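A.B. asks: With the hints as constraints, model all of the structure from the sequences given.
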Amino acid sequence: MSKRIPLQTESDLLFARQAAREMMREMGFGSADQTRMATAISELARNVLKYAGEGTCTLIDEQDEREMVLRVVVEDNGPGITNIDQAMEDGFTTGNGLGAGLPGAKRLVNNFDIASEPGYTKITMEIRRHANK
Amino acid sequence: MIPILKLKGILLSSLQGDLTDNEVLEYQSRMLNMLEKTEAKGVLIDITGLDIVDSFMARVINETANMARIMGTEVVLCGMQPMVALTLVEMGRELIGVQTALNLDKGFDKILILIGSEKGE
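If you're matching them up, the sequences are chains R and B in order.
Going by numbering that gives the first Met the number 0, the first sequence opens with residue 0, and the numbers climb by one from there.
Going by numbering that gives the first Met the number 0, the second sequence opens with residue 0, and the numbers climb by one from there.
Bear in mind the hints are in silico, worked out from the structure with no lab data behind them.
Be aware that a few hints might be false.
Unchecked claim - Counterexamples of contact, computed for chain B against chain R with all Cβ distances above 10 Å:
(1) 34
(2) 86
(3) 102
(4) 112
(5) 115
Unchecked claim - Which stretches of chain R does chain B cover? Using the computed rule of at least three CB atoms under 8 Å from a CB of chain B, they are:
(6) 8-20
(7) 29-39
(8) 51-57
Model, not experiment: these values are computed from the prediction.
Note that beta-carbon positions come from the ideal geometry of N, C-alpha and C, so glycine has one too.
C.D. replies: Next comes the structure, spelled out in C-alpha cells:
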C-alpha cells in the first residue's frame, strides 16, 4: 500500500505528517515512532517548500511477516543539494534556519538516503521494527 | 489566531494542534506587542496541545522566549508531551533553551517564583 501526497503549500506539509502518523498507527507502530517520522517529514517537507517550491511525499507500507516497515520518499525538482556532506552537518544552512533539519531528521529514522542532482532530489527514509504479532 | 490572555501580571497562551508558520510568527510579534502594552512581568507558554515540534517550531519558541527575556520578562514553557521531548533530544543540539515545567500547574508556580511575587501583581 502506498500513498502519494503533493507538497505545494504549508497545509500539505501538515497533511503529510498526519497521514504518516495515521498510516503508522494502523500498521502497529508505537507513538514514539509515529512522532519521529512525522517530525522527520516535517523537516524535509519544509526544505522542499523552501528550496524547490513544490514536490511530493510518498508513504509506502513495506511490511512483511517479520518486520513493520514504513518507507517515506520525498522528491522535488528544485536546484538540488550541491554538497550533501555539508548539508548533513549540524548547523549548516543556506537558508535562515538553524540547520538542524536534515541531520535532525536523519537521527530520527533507521535509514536515511539522499540522492541529488540539479533538477532532482530524492530523500528516502525508513523506520523498521520487528513485527509484534 | 492563538489567544494570549493576561492573568495577573502574566501573559498566558496555549499552542495547540497543527499551526502554520504564519500563525506562529504572527503569535510571536503579537506576544511582544502585548508585553509592551500590558507591562506583564512573565510569559507562560503551554504546549500540551502540540504533538509535533519540528526544528522550525522549536526555533520560534526559543526566539520568542529570548525576545521576551531581553525585554525584561521571565518566560516559562510548560506541558511538553513525552514524545515531543523524545524527538527533540534525539534530533540533537540544543533546540529548546528556555525554562520549562512539567505542566501548566507547575509552570504557573515557577513563573510566580521567577517574577518574585505570590500574587503575580
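A.B. asks: All the hints need checking, so say for each whether the structure fits it.
C.D. replies: Taking the hints in turn, this is what the structure says about them:
| no. | hint | verdict |
| --- | --- | --- |
| 1 | 34 | 24 Å, holds |
| 2 | 86 | 5 Å, violated |
| 3 | 102 | 19 Å, holds |
| 4 | 112 | 30 Å, holds |
| 5 | 115 | 33 Å, holds |
| 6 | 8-20 | holds (count 5) |
| 7 | 29-39 | holds (count 7) |
| 8 | 51-57 | violated (count 0) |
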